[in-house]
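Join the two chains into one complex using the hints; note that each chain is given alone, in its own frame.
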Amino acid sequence: QKEVEQDPGPLSVPEGAIVSLNCTYSNSAFQYFMWYRQYSRKGPELLMYTYSSGNKEDGRFTAQVDKSSKYISLFIRDSQPSDSATYLCAMIRSGYSTLTFGKGTMLLVSP
Amino acid sequence: DSGVTQTPKHLITATGQRVTLRCSPRSGDLSVYWYQQSLDQGLQFLIQYYNGEERAKGNILERFSAQQFPDLHSELNLSSLELGDSALYFCASSLGPDDGYTFGSGTRLTVV
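Protein sequences, first through last, are from chains U and A. The numbering of the first sequence is our numbering, which starts it at 41 and goes up by one. The numbering of the second sequence is our numbering, which starts it at 277 and goes up by one.
If we strip away everything but chain A, and leave its shape as in the complex, we get (with noise of 0.2 Å):
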């Protein structure tokens, strides 16, 4: 157990839908990150969250959104799916950048 928690682990989903993806952090990291995984592009990065605010961009299309809440869990919002998107969706959270990044074990969406 790497202490970042992902759920669900598995999604199956229709296109046009909406799914939430939540991540909880390592004990005591305050930044999070999202990360796509597709057999094509590799690990995108989609985007980071410091504590509670918006630190950094990737990759996220408008269709994406996410969030950090007062806890410091951290929601990836994906809406009007498309076949496309079917991946692998990973986050990591690090202390700060003398840390390295701590993954969780990912949730992996299948719109069908």
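One chain only, chain U, in its complex shape (with noise of 0.2 Å):
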């Protein structure tokens, strides 16, 4: 078992859709959770960071944490075809400074 599962997709969804993406996790000790967008071949793009159980919300995205389940989630408001990408999940395990990333989930918006 990976230590960070991510469905790989694609999820395709018409524009203005709210779009949910998920990681779960096996390890506990992971406490700092992340995610990031990647356009085709370009470099992943923060989009979000928690360090604790429950939302975090930043314009149109949303970060939710459910330690208890090993369980995050990205929720996307009103998605536009720019959101075509593909979204990584990153986790950090607490005493340690390294990314584990899920292997993404491919959105696709069509207009």
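Hints are computed from structural coordinates only; laboratory data are not their basis. Here a beta-carbon is modelled for each residue, glycine too, at the ideal position from N, C-alpha and C. Accuracy of the hints is not assured; some may be wrong.
[Claimed, not checked] What follows is a set of in silico ranges between Cβ atoms, one per label pair, in the way DEER data are often shown: (1) U:S134 to A:G360: 32 to 38 Å; (2) A:R294 to U:P50: 36 to 42 Å; (3) U:E97 to A:V388: 44 to 50 Å; (4) U:G56 to A:R294: 49 to 55 Å; (5) U:D98 to A:R294: 39 to 45 Å; (6) A:T386 to U:Y79: 18 to 24 Å.
Laid out in structure tokens, this is it:
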């Protein structure tokens, strides 16, 4: 079992839809949680960063962490074609600074 | 522009050869991380340097090595290249674990 599991997709939605992206993890030592967006052949771009259970909102994006279930989510409201990209979850273990990534979910938002 | 600069953007080389990838971190960041991204493996951590010292090692092959210089730029050296080393190589930098990582735009390595 991989430490971080993420459905590769693709996930196809119409413009304006609410998108839900998810990751599960197996190691309870993970304490910091991030979501990155990666456009084709570009570097990952940090979208959201949280280290506590609960919700964190930033514009159209909401990150949710449930440490008891070892489950994190990213919600995108009013999705746009420009949101079409691969979304990667990433985590850091307590006492460490290296990121462990999920494989990413490809999102396609059609106009 | 993320502030993390990687050169070259593209590299095509033959099997058995050696290449050097270069990374300049974001101003003020002391940590540099190297990641390899392939289609089947996703983003894999290779190695971390902090202020010139090796801090952590991941799935880095013995044929690969890295260093961080006093001006904080880093180089990743890949030798005895094999076809399977073809991948995107990313460098990231951070101030600390509370800061998140900032990634460069990567070097696409093709081994033929």
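Here is how each hint holds up against the structure:
no., hint, verdict
1, U:S134 to A:G360: 32 to 38 Å, "holds (33 Å)"
2, A:R294 to U:P50: 36 to 42 Å, "holds (37 Å)"
3, U:E97 to A:V388: 44 to 50 Å, "holds (47 Å)"
4, U:G56 to A:R294: 49 to 55 Å, "holds (51 Å)"
5, U:D98 to A:R294: 39 to 45 Å, "holds (43 Å)"
6, A:T386 to U:Y79: 18 to 24 Å, "holds (20 Å)"
The structure shown violates none of the earlier numbered hints.
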